[in-house]
Amino acid sequence: MSSTNHVLLSPAELAYLHASLSLTPPIRPDGRAPTQFRPLVAETGILPGTNGSARICFADGTEAIVGVKAEVERTVVGPEGEGVIVEGGEGEVEEGGGEGEAGWVEMTVEIPGVRDDDSGTAFLAAMLSEGLLADEGFVRRLWINRRFHWKLYLDIILISPPLSYPLPLLSLTTHLALLSTRLPRLKSEGDEDPFFDDDWAAAPYLFPRPNGKSTTFVSQTRPPITLLVMAVGNNIIFDPSKEELAVADVALAVSVTAGSSSSQAPSKHVPMDTSTEGRNLRLLSIRTIDPPSRLTPPGVANAANSAYGANAGQKTTHEAQATAEGEAVEGVWRAPRGGAKRMVLGALVQKVLERGGVVDEVLDALEGVDLG
Amino acid sequence: MPITILAPRPSRAANGPSDNASSSDSDSDSNGGADLDGDLPMTTTKPKPKTHPSKHTPSSFEIVTPGETITSDPQWMRGHGTYLPPSTTTIISSVAGTVTRTNKLLSVRPLRARYTPEVGDLIVGRIVEVQAKRWRVDVGSTQLAALPLSAINLPGGILRKRTETDELQIRSFFAEGDLLVAEVQQLFGDGGAVLHTRSLKYGKLRNGVFVAVSGVGGGGGVVRSRRQVWTMDVANGGGQVDVVLGVNGYVWISKHVETAAEAEKGATTTTGITNIEESVSATMYSSQNDRIEVETMREIARLRGVVTALVENGLRVDEDMVVRGYHEAVEMAMVSAEGSDDIYLGGERGQRLAAVLTGV
Numbered sequence: 001m002s003s004t005n006h007v008l009l010s011p012a013e014l015a016y017l018h019a020s021l022s023l024t025p026p027i028r029p030d031g032r033a034p035t036q037f038r039p040l041v042a043e044t045g046i047l048p049g050t051n052g053s054a055r056i057c058f059a060d061g062t063e064a065i066v067g068v069k070a071e072v073e074r075t076v077v078g079p080e081g082e083g084v085i086v087e088g089g090e091g092e093v094e095e096g097g098g099e100g101e102a103g104w105v106e107m108t109v110e111i112p113g114v115r116d117d118d119s120g121t122a123f124l125a126a127m128l129s130e131g132l133l134a135d136e137g138f139v140r141r142l143w144i145n146r147r148f149h150w151k152l153y154l155d156i157i158l159i160s161p162p163l164s165y166p167l168p169l170l171s172l173t174t175h176l177a178l179l180s181t182r183l184p185r186l187k188s189e190g191d192e193d194p195f196f197d198d199d200w201a202a203a204p205y206l207f208p209r210p211n212g213k214s215t216t217f218v219s220q221t222r223p224p225i226t227l228l229v230m231a232v233g234n235n236i237i238f239d240p241s242k243e244e245l246a247v248a249d250v251a252l253a254v255s256v257t258a259g260s261s262s263s264q265a266p267s268k269h270v271p272m273d274t275s276t277e278g279r280n281l282r283l284l285s286i287r288t289i290d291p292p293s294r295l296t297p298p299g300v301a302n303a304a305n306s307a308y309g310a311n312a313g314q315k316t317t318h319e320a321q322a323t324a325e326g327e328a329v330e331g332v333w334r335a336p337r338g339g340a341k342r343m344v345l346g347a348l349v350q351k352v353l354e355r356g357g358v359v360d361e362v363l364d365a366l367e368g369v370d371l372g
Numbered sequence: 001m002p003i004t005i006l007a008p009r010p011s012r013a014a015n016g017p018s019d020n021a022s023s024s025d026s027d028s029d030s031n032g033g034a035d036l037d038g039d040l041p042m043t044t045t046k047p048k049p050k051t052h053p054s055k056h057t058p059s060s061f062e063i064v065t066p067g068e069t070i071t072s073d074p075q076w077m078r079g080h081g082t083y084l085p086p087s088t089t090t091i092i093s094s095v096a097g098t099v100t101r102t103n104k105l106l107s108v109r110p111l112r113a114r115y116t117p118e119v120g121d122l123i124v125g126r127i128v129e130v131q132a133k134r135w136r137v138d139v140g141s142t143q144l145a146a147l148p149l150s151a152i153n154l155p156g157g158i159l160r161k162r163t164e165t166d167e168l169q170i171r172s173f174f175a176e177g178d179l180l181v182a183e184v185q186q187l188f189g190d191g192g193a194v195l196h197t198r199s200l201k202y203g204k205l206r207n208g209v210f211v212a213v214s215g216v217g218g219g220g221g222v223v224r225s226r227r228q229v230w231t232m233d234v235a236n237g238g239g240q241v242d243v244v245l246g247v248n249g250y251v252w253i254s255k256h257v258e259t260a261a262e263a264e265k266g267a268t269t270t271t272g273i274t275n276i277e278e279s280v281s282a283t284m285y286s287s288q289n290d291r292i293e294v295e296t297m298r299e300i301a302r303l304r305g306v307v308t309a310l311v312e313n314g315l316r317v318d319e320d321m322v323v324r325g326y327h328e329a330v331e332m333a334m335v336s337a338e339g340s341d342d343i344y345l346g347g348e349r350g351q352r353l354a355a356v357l358t359g360v
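Sequence lines, in order, name chains A and B.
For the first sequence, full-length UniProt numbering assigns the number 1 to the initial residue and increments by one for each residue that follows.
For the second sequence, full-length UniProt numbering assigns the number 1 to the initial residue and increments by one for each residue that follows.
Bound conformation, chain A alone:
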C-alpha cells in the first residue's frame, strides 16, 4: 500500500523524467533548481474566529488553510501524584506529564475527495503532529499552571484537490498558523483558576517574535517544519512535484526545528549569531515515504516488444523476455528495486540540516510573512 496517491504515467514519460532528474545538475520538469521550492503566496490571520490562522497557495493552484483554536483544559493529574513542577517565570518546565502532553495538541487533516480515515490522510496527520510533539519545548508552551493548560486544536484543510503530495504545503501552512497564534494574556497568578486579559491587543504570541524586546534566544525558537525531500540517483531534490515523486528512488519527510529547546541549556551560552551564522537546526523526526515509483509498470524494450517493428505479430521469444527482465536498457523505465542506499539517506538528512542551507532560508522567508 502506497502512502502517496498513485499517478498514472506512461513508461516513456517515467523514463524521460528519471533520465532528466539523474543528470548533474538535474533538469526538473518545471525548471527549478534542485533546492528550489515552488513559489507560493502566503497570508496569515485570515480566520477572525481563531487564535491563529494561515493560508498558503502554490502557483499550481494547491491551497491549504490552517486554523488554530485554543481552549483551557483542566490538567488531569496522574495517580502517582502531582507532576514535579519547577517554578520560575518564563519558559516553564513541567516534568512527569509525558503522556498527557501529547494530548494537548489535537490535529485534524482534511483533504477533499479523501475519507478522513483514509490511510494516506492519517499518515499525513501523524507525520505533522509527530514533528510538533517531538519538540518537547512546544507542548510546554501550553502550560498555564499546575491545574490547567491550553489545549490546541489544529485544523488543517486542503482546499484544492491534492495535485501533488501535500505534506510540505500543509507543514508550511501549519508553521505559519502557529507563528501567528496568540493566546490571551494570563492575569491570574499561581495555581488559581486562570483568568485572562480580555484585551486581544495585549495577547502575546505563542512564539514570541524576534523584533520585540525579547532576547535572541527566545526569537530563535520556531515551530517545527516538515519537508519532503527525495533522491533520484545521487541528486537530492526538495519539494518534489507529483511527477518528480513518481520517479523517486527515496522520499523522506524530515521534521526539523530551529534553535535549541529549553532542555538544551537555555539562556546559557549558545554559540550562535542571529543573522549571519544561520540557525541551530535540530532534527525531530524522519519518516520514509513510500514513493509511488515502485508501483509503476515497467517499460517494454523494443527488443521485447511484440508490437514493435520486425517482431510485429510474432510471439515474444524467450531470450527477448530474458533481456527485459535482466539488465536495464537505456530509455526503458524500470521501477526502482531494493531499499534506499544508506549513503543517499545520510546525504539527504545532511542536506536538510545544513547550516545556512535550505531550511534556514525557508524559515527566513516564513518569518518575513506579515503576521497582520
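Source of the hints: derived by calculation from the structure; they are not laboratory data.
Treat each hint with caution, since some may be false.
Label-pair restraints from in silico Cβ distances [unchecked claim]: (1) D290(A) / E348(B): 33 to 41 angstroms; (2) G359(B) / G49(A): 40 to 48 angstroms; (3) E106(A) / E176(B): 37 to 45 angstroms; (4) G233(A) / D320(B): 50 to 58 angstroms; (5) G338(A) / G359(B): 36 to 44 angstroms.
Example chain A residues on the side facing chain B (calculated, C-beta under 10 angstroms, incomplete) [unchecked claim]: (6) L9; (7) P29; (8) D30; (9) A33; (10) I56; (11) G61; (12) I65; (13) L283; (14) I286; (15) D290; (16) T296; (17) N302; (18) A365.
Glycine is no exception: its CB is placed at the ideal position from the N, C-alpha and C atoms.
Let chain A serve as the given structure and place chain B on it in line with the hints.
Relative to chain A, chain B alone:
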C-alpha cells in the same frame, strides 16, 4: 533563493468597487478571538441586487455564480451558461463565469470548464482502462473517450484486418498510463467521443514531457487554431523539438525524431509508399525512449515552463504564443545571472514573460 513567498494579490474589484478589503484586515486584528456579535467585515459583502446589465459597458468585468440572477428584463435572450425558470423572464446563470453580451444575447463564459469534444479535434489522451476490444482514454472531458481496437493502425505495415491475436495482445499496443495523440472521429449523443489513430501523425507518445493545462475559459488554455502540432528549432544546440497542443488542454513536448518517412523524402530512394508506412509503423508502439541530449532536455523543460507560465497568467496557448514566449524566455535567460542554462520560469519570472508577450 530556494523559496519565494509573495503576499496575496489584492482581489480584483469584480462587481463594482468594494472598500471592505482594507477594513477587513484591521478589523480581524482588533476583534480576533471569538466574536459572535456579527460586526465582522464579512457582513458587508451582502449580495447586492444586480444592476441592470444594459447599464454596464460591454467590457465591464462581471462574475456571476450559479443561481445568480443576471437580469429579469424580458428584452434579453438567454445564451449558453444560463437558464430561465419556467414561466418567468428571469435569466439565471447556471455556471460560474463572466457575463458576455452579443447584441441581445446574454451568455456566461465559465471560468473553468471541461473539454467538450468535437469531431476532428486533435487531442492528447491517456489510457486509463483497457477493455476487450477498446481502450478508455482520459481526454479531460466529462467522460472517458473510447478508442476501439479497429481504429488504430495495427503494426505490420498494411492496413490489415484486426485478428483475435490482436485482441489478445491489446496491451502491447497501448497499456494503462500510455499517452497518445489521436483525433476525435465521432461523437455519441451524450457527448462521449470516439477516437482514432489511423494516421501516421497519430499514435503513442514518447521522448518527452506531458503537461496538462486548464480547460478553456478565463482567457487561458489551449485554443483551437490552424496548427496544433509543429516542429521547432530550439536554441542552445537543442536540435528540434515537437510540440503537440491537444485541443483538450493536454500538451506534449518531445524531442523531434526523424521518422523514416522524412528520411526517405530526403534520400529520394525508390521505396514505395507502402514500404514507408511499414517502416514508420515499426516504431509506432515503442515505449523505449531514444537517446536525448542534455541540451534538448533543457530546452524541452524551458518550453514546458513557457506553457505553464502562459496558463498561470491567463494567456491563450497556441503556436504563435508558445513560439514567441519561447524566444523571449531564451533571451530572458541570456541576461539572467545564471546564463542560458537557467530555465526556471515560475512565479515572478513567468509574470515578466507574460507582460512582455502582452505588451507587444
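Identify whether the interface hint at D30(A) stands, where standing means a beta carbon of chain B within less than 10 angstroms of its own. Since the shortest Cβ distance to chain B is 6 angstroms, the answer is holds.
Should the hint that G338(A) and G359(B) are 36 to 44 angstroms apart at their CB atoms be regarded as holding? Given about 53 angstroms between the Cβ atoms, the range is violated.
Between the beta carbons of D290(A) and E348(B), is the distance compatible with 33 to 41 angstroms? About 35 angstroms separates the Cβ atoms of D290(A) and E348(B), which means 33 to 41 angstroms holds.
Would you say the C-beta atoms of G233(A) and D320(B) sit inside 50 to 58 angstroms of each other? 38 angstroms, violated
With 10 angstroms as the cut and Cβ atoms as the points, is I56(A) at the interface with chain B? This interface hint holds because 8 angstroms falls under the 10 angstroms limit.
Does the Cβ pair E106(A), E176(B) satisfy 37 to 45 angstroms? Given about 40 angstroms between the Cβ atoms, the range holds.
Does the nearest C-beta of chain B fall within a distance shorter than 10 angstroms of the C-beta of N302(A)? It holds, given that the least Cβ distance between N302(A) and chain B is near 5 angstroms, below 10 angstroms.
For the restraint on T296(A), tell me whether the closest CB of chain B is nearer than 10 angstroms. 8 angstroms, holds
Does the nearest C-beta of chain B fall within a distance shorter than 10 angstroms of the C-beta of G61(A)? Where the cut-off is 10 angstroms and the nearest Cβ of chain B is about 8 angstroms from G61(A), the hint holds.
Mind checking the CB of L283(A) against every CB in chain B and telling me if the closest is under 10 angstroms? 19 angstroms, violated
Is the hint on A365(A) kept, meaning its closest Cβ partner in chain B is under 10 angstroms away? 5 angstroms, holds
In this structure, is the beta-carbon distance linking G359(B) and G49(A) contained in 40 to 48 angstroms? 44 angstroms Cβ-Cβ, so the 40 to 48 angstroms window holds.
In summary, the structure is inconsistent with hints 4, 5, 12, 13, 14, 15 from the numbered list given earlier, while agreeing with the others.
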